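Construct the entire structure; sequences and hints are all you get.
Protein chains in written order, with the working numbering: chain B, 1 to 259; chain H, 1 to 285.
Source of the hints: derived by calculation from the structure; they are not laboratory data. Computed from a predicted model, the values in this text were never measured in an experiment. Glycine is no exception: its CB is placed at the ideal position from the N, C-alpha and C atoms. Just to be clear, a hint being listed does not mean it is correct.
Far from chain H, by Cβ distances over 10 Å, these chain B residues were calculated [to be verified]:
| # | residue |
| --- | --- |
| 1 | 102 |
| 2 | 180 |
| 3 | 231 |
Simulated coverage check for chain B against chain H, where a stretch passes if three residues somewhere in it have a Cβ under 8 Å from a Cβ of chain H [claimed, not checked]:
| # | region |
| --- | --- |
| 4 | 141-152 |
| 5 | 163-169 |
The following label-pair restraints were derived from C-beta to C-beta distances [claimed, not checked]:
| # | chain 1 | residue 1 | chain 2 | residue 2 | range |
| --- | --- | --- | --- | --- | --- |
| 6 | H | 267 | B | 145 | 49 to 59 Å |
| 7 | B | 99 | H | 23 | 25 to 35 Å |
| 8 | H | 121 | B | 253 | 20 to 30 Å |
| 9 | H | 40 | B | 98 | 54 to 64 Å |
| 10 | H | 26 | B | 86 | 21 to 31 Å |
| 11 | H | 19 | B | 86 | 18 to 28 Å |
| 12 | H | 27 | B | 119 | 20 to 30 Å |
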Amino acid sequence: MSTRRWPRYFILPLGLLVLWQLWGMTLPARSRAPVPLDVLASAVDLIASGRLPMALLQSLGRVGLGFLVAGSIALVLGLLMGFFRPVERNLDPIIESFRPVAPIALLPLAILWLGTGTPAAVFIVAYAAFFPMIVNTIAGVKGVERRLVQAAQTLGVPQLTILRTVVLPAALPSIFIGVRLAMGLAWMSIIAAELAVGSKGGGGGSGGVGEMMFVFYAYYIELDSIVVCMIAVGLVALAIDHGLRWLQRWLMPWAEQHR
Amino acid sequence: MSRPAPTGPKLRLDGVRKTFTVPRTGTNVVAVETADLAIEAGEFLTIVGPSGCGKSTILNMLAGLELPTEGTVAMDGRTITGPAAERGMVFQDYALFPWKTVFENVEFGLRYGPHGKGLSTAERRRRVARCVELVGLGGSEQKYPHELSGGMRQRCGIARLVANEPDVLLMDEPFAALDAQTRIILQEELLRIWGETGNRAERRTVVFITHAIDEAVFLSDRVVVMSAHPGRIIEILDVDLPRPRTDATRTRPEFQALSQAIWNLIRDEVYRAATAAGSAGGARG
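Shown next, in the form of structure tokens:
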């Protein structure tokens with residue numbers, strides 16, 4: 001995308017924003033419809049006061065932690081399940097029967113066991129992130145060219161070393177697809193989890209963007225601020241995905257050439 | 001590297017039969033039908049035959065990547081039960097690790113396998129550098145496989161094999177994907193690397209698979225001719241051409257006569273396969 005084409009990409013969204021603003025100004029003053037200029041004012045306020053950055057950081061921290069937990073388990077299990085048939089036969093039924101259970105459905109359990117704070121939120125994130133990562137890791141391992149494994153075997157390299165030095169790097173592109181999918185889901189579930197937990201916390205609850213949105217909704221009915229949160233959530237997700245894609249290119253310069 | 005005194009053949013196939021079960025249909029396909037073969041230490045043996053004759057299956061069994069359905073495959077009298085560093089392999093599609101440089105590919109076996117144990121990092125690097133030079137890849141150490149031509153990739157594959165110092169070199173149609181000129185050059189270089197000009201006792205055992213008859217005759221001490229459906233050994237021929245082999249070798253009447261003899265053995269089958277092209281399934285090579 002050249003810089004000269006940027007303005008054209010913005011014509012439609014900007015036009016829609018202007019129309020939205022004009023429509024909003026025809027409404028009575030105490031209307032609850034958020035309009036762009038009010039949202040902008042609210043955004044400036046939320047950012048300047050540090051409330052939004054703090055809430056985002058807290059949510060991000062939970063996503064990061066849950067992601068790390070889920071990622072490490074999914075990577076180890078996925079590699080073993082993809083490489084050793086008996087491991088897959090035994091674990092696959094368990095994983096596949098949990099997979100359709102929505103992360104939010106586990107929230108009552110999470111709150112009962114772990115309370116309304118960070119551990120429950122991390123648990124929900126980890127649960128949500130686990131499945132796309134393990135499914136893609138297994139698929140990646142199974143898609144590894146047999147010849148590469150055989151080449152290592154005929155050099156006398158032991159199986160577990162092959163898993164680490166051949167299978168893992170060869171499966172990395174597929175694992176990364178899982179990571180990107182999981183990041184989207186994790187970010188989705190953290191907001192949902194914080195929203196739900198926030199209601200129980202009664203305002204002094206769990207923190208994070210989700211809780212902030214709940215408080216704006218339940219106590220102040222500030223739609224402008226809720227829209228700010230929504231936009232912030234979307235922008236952070238976009239930034240994370242770009243970061244992951246950059247990481248992918250940096251980690252796997254060879255993979256780019258094969259596609 | 002010292003080797004035990006030669007007693008009996010280096011490699012031996014004893015009544016080897018290999019069948020596959022085709023997925024879904026469940027029918028049994030015979031890939032190799034009762035093969036007996038003894039390969040001497042230091043011998044350059046080539047197996048030639050039309051596609052589907054089971055030559056690659058035999059090589060995979062020698063590597064330990066596949067096990068025979070019946071009979072035994074043995075090295076130095078011990079039954080082969082799986083792959084090992086003493087039987088290294090070069091693949092038609094190179095099978096280089098795309099995320100590793102030429103140097104790292106060549107280093108791979110020594111770094112992660114048993115043959116590098118006891119080598120210091122500096123010794124290992126020296127040996128790798130020597131092997132990279134040996135195959136003529138000096139200067140390309142830091143390149144990735146996708147930056148190399150087919151010929152250079154296979155040079156890298158050969159260096160990876162040689163660096164690991166296996167007792168037996170198994171080569172599965174290593175030059176099949178290369179153009180004719182590159183192929184001729186690599187054939188001569190392979191013989192040089194194998195130690196054609198040196199002492200006979202210093203040479204490693206090579207089992208080489210090809211469908212190119214001239215390649216088989218040019219390289220080998222003996223040529224095993226196989227036929228397909230079912231795959232079986234139909235003839236074993238001695239190649240009494242003097243070494244080192246050169247361009248002049250290819251014009252000798254014995255070279256031509258031997259190539260013609262092999263062609264006569266498999267011609268009918270090749271024609272049959274060619275006219276039925278596309279309809280034939282079954283095992284590769």
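Outcome of the hint check:
no.	hint	verdict
1	102	holds (36 Å)
2	180	holds (20 Å)
3	231	holds (39 Å)
4	141-152	holds (count 6)
5	163-169	holds (count 3)
6	H:267 with B:145: 49 to 59 Å	violated (35 Å)
7	B:99 with H:23: 25 to 35 Å	holds (27 Å)
8	H:121 with B:253: 20 to 30 Å	holds (25 Å)
9	H:40 with B:98: 54 to 64 Å	holds (59 Å)
10	H:26 with B:86: 21 to 31 Å	holds (23 Å)
11	H:19 with B:86: 18 to 28 Å	holds (24 Å)
12	H:27 with B:119: 20 to 30 Å	violated (57 Å)
When each numbered hint is compared with the structure, violations occur for hints 6 and 12.
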